[in-house]
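Peer 1: Sequence:
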Amino acid sequence: TNAPALASFGQRWPLENLEEALAEGITVLHESVTMPEFSFTPETIADLLSYMETLTREANARANQ
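Numbering (my numbering), first residue to last: 1 to 65.
These are computed hints drawn from the structure, not numbers from a lab. It is possible that some hints are incorrect.
If you anchor each label on the Cβ, the simulated ranges turn out as follows [said to hold, decoys possible]:
| hint | residue 1 | residue 2 | range |
| --- | --- | --- | --- |
| 1 | Ala63 | Ser32 | 32 to 42 angstroms |
| 2 | Ser8 | Asp47 | 38 to 48 angstroms |
| 3 | Arg62 | Glu31 | 29 to 39 angstroms |
| 4 | Glu37 | Glu16 | 16 to 26 angstroms |
| 5 | Glu31 | Gln11 | 26 to 36 angstroms |
| 6 | Thr34 | Gln65 | 35 to 45 angstroms |
| 7 | Val33 | Asn64 | 35 to 45 angstroms |
| 8 | Glu31 | Arg57 | 20 to 30 angstroms |
| 9 | Glu37 | Asn17 | 34 to 44 angstroms |
| 10 | Ala5 | Glu43 | 19 to 29 angstroms |
| 11 | Gln65 | Glu31 | 34 to 44 angstroms |
| 12 | Thr54 | Ser32 | 17 to 27 angstroms |
All C-beta atoms, glycine included, are put in the ideal place defined by N, C-alpha and C.
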């Protein structure tokens with residue numbers, strides 16, 4: 001399957017809910033394979049959320065054209 005565009009993430013889920021998950025670390029399981037745990041510094045979280053908010057605004061603007 002194809003993954004959805006990163007720009008659509010903020011259209012489907014509130015980005016503010018992502019901050020805590022990023023701070024605590026995200027673990028993902030795919031069948032019998034465990035992906036490495038990702039953890040971020042507070043600065044990196046702020047930068048990533050800012051970037052994702054920009055992508056979401058741009059995606060919303062395109063959708064409303």
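Peer 1: Indicate, hint by hint, whether the structure satisfies it.
Peer 2: Hints, one by one, checked against the model:
Between Ala63 and Ser32 the beta carbon distance is about 38 angstroms. The supplied range of 32 to 42 angstroms therefore holds. Hint check: Ser8 to Asp47, Cβ distance near 20 angstroms, so the stated range 38 to 48 angstroms is violated. At roughly 34 angstroms, the beta carbons of Arg62 and Glu31 sit within the given window of 29 to 39 angstroms. Checked against the hint of 16 to 26 angstroms, the pair Glu37 and Glu16 passes, with Cβ atoms roughly 22 angstroms apart.
For the hinted restraint 26 to 36 angstroms between Glu31 and Gln11, the CB-CB distance of approximately 28 angstroms keeps it satisfied. Restraint check, Thr34 to Gln65: a C-beta distance of roughly 41 angstroms satisfies the suggested window 35 to 45 angstroms. For the pair Val33 and Asn64, the supplied restraint of 35 to 45 angstroms holds, since their beta-carbon distance comes to about 39 angstroms. Judged by the Cβ atoms, the range 20 to 30 angstroms given for Glu31 and Arg57 is violated: they are separated by roughly 35 angstroms.
Between Glu37 and Asn17 the beta carbon distance is about 19 angstroms. The supplied range of 34 to 44 angstroms is therefore violated. Take Ala5 and Glu43: their Cβ atoms lie about 25 angstroms apart, and the range 19 to 29 angstroms holds. A hinted range of 34 to 44 angstroms holds for the C-beta pair Gln65 and Glu31, which are about 40 angstroms apart. A C-beta distance of roughly 36 angstroms is found between Thr54 and Ser32, which places it outside the suggested range of 17 to 27 angstroms.
In summary, the structure is inconsistent with hints 2, 8, 9 and 12 from the numbered list given earlier, while agreeing with the others.
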